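Both chains are given apart, each in its own frame, so use the hints to dock them into the complex.
Line by line, the protein sequences give chains A and B.
Take the first sequence: its position 15, counted from the start at 1, is 15 in my numbering, and no numbers get skipped.
Take the second sequence: its position 62, counted from the start at 1, is 1062 in my numbering, and no numbers get skipped.
Honestly, the hints are just simulated from the structure, not real lab data.
Values in this document were obtained by computation on a predicted structure and should not be read as measured data.
Relax, there's no trap hidden among the hints.
Cross-link-like lysine-lysine pairs, in silico, DSS-like; alpha carbons within 27 Å at most:
1. A:Lys-13 - B:Lys-1042
2. A:Lys-30 - B:Lys-1042
3. B:Lys-1022 - B:Lys-1068
4. B:Lys-1058 - B:Lys-1068
5. B:Lys-1042 - B:Lys-1057
6. B:Lys-1022 - B:Lys-1058
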Amino acid sequence: DAGVTQSPTHLIKTRGQQVTLRCSPISGHKSVSWYQQVLGQGPQFIFQYYEKEERGRGNFPDRFSARQFPNYSSELNVNALLLGDSALYLCASSLDRRANYGYTFGSGTRLTVV
Amino acid sequence: GENVEQHPSTLSVQEGDSAVIKCTYSDSASNYFPWYKQELGKRPQLIIDIRSNVGEKKDQRIAVTLNKTAKHFSLHITETQPEDSAVYFCAAPKRGSSARQLTFGSGTQLTVLP
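Same shape as in the complex, but just chain B (with noise of 0.2 Å):
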């Protein structure tokens, strides 16, 4: 199946400081990636998704590279606040999927230090 790896286990920065985190894929055919932020109990939520059609996409604070050659893609987080603080996943359909089940990476705590 579909094999995604999330590095780094743990990150930490300096407040207002970038943060990048990365992962890798195994399926080519992969075409949908999204990252979620994970805070302490409570729930996944999606902060940013990118399609294979397209290499970057970005919402403010909070960007995606993809590169399908390579097959990795990264979350950048620039200006970081203590409130980014959270456990974050990236994530791709698991390999034959037709319908978007997605494999997880094993997660990167980030830690903002104010």
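Here chain A stands alone, though its shape is the one from the complex (with noise of 0.2 Å):
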């Protein structure tokens, strides 16, 4: 049974420019969530989605968008690259809205903003 799967895995991007990142939740895991995990620091929320809908956003701006598919993968989008936008993106999925038996983590897409 595959976990979380994220892709790509690893992304090098220039500031200004637009990127989307995918995530694929456990078979019969309809709650995705984004974090953000700069190094050195805990992972920090950015959205959360269940039933594709959005039930959660952290504080980061507008230039973060996300939204889920039929299937409940999801994709995380981001505008105007800052060179702090590099970081660890990390997708996580749960069983329910209220994730009562726990998130699992997938593996992440490393982003750097050059």
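Here is the structure:
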């Protein structure tokens, strides 16, 4: 049974560009959350989606957006990239909206903005 | 929002000794407290979690204790082994979150010396 899969694994972008990151949750999981992890820090919550609706948003600018598809996979988009957006972007899936059974993280996408 | 403080930031122990990591949280309504282990270059993995209706939970060499009055919870690892070396993160639900949006601590780098 596949875990949470994210693509691409690594990405290098130039300031001002746009990027799309992808996540496929564990089969049967309907909730997908996105976290940003800057080197040396704990993950920071960006978004949660459940049943294709946004259920929560962290303290990130409008340059960050996301969506969830009917098959529960998700995309995170970041526009007008800044150097400070360089981080590991983690996707986490859970069975239900309240994550009563915990979250499972993917291996992440390492984004470098130059 | 929820504030989670984690101590210490680094911890070195001799193999076979115990390790304790402590976190404090600010929202008295928080009711779910997971611990994640992140090895270098890998995804965070849930190792144990506790809910506010119990004071302690054990899983082999790992235990978590919760003091709701003092608003702190701790991770205890007994009989440490070199493979326990990693960064450990505690987390608590974001204040006002109905959907398990987690606020993470800043992490503890645990090194188990052979």
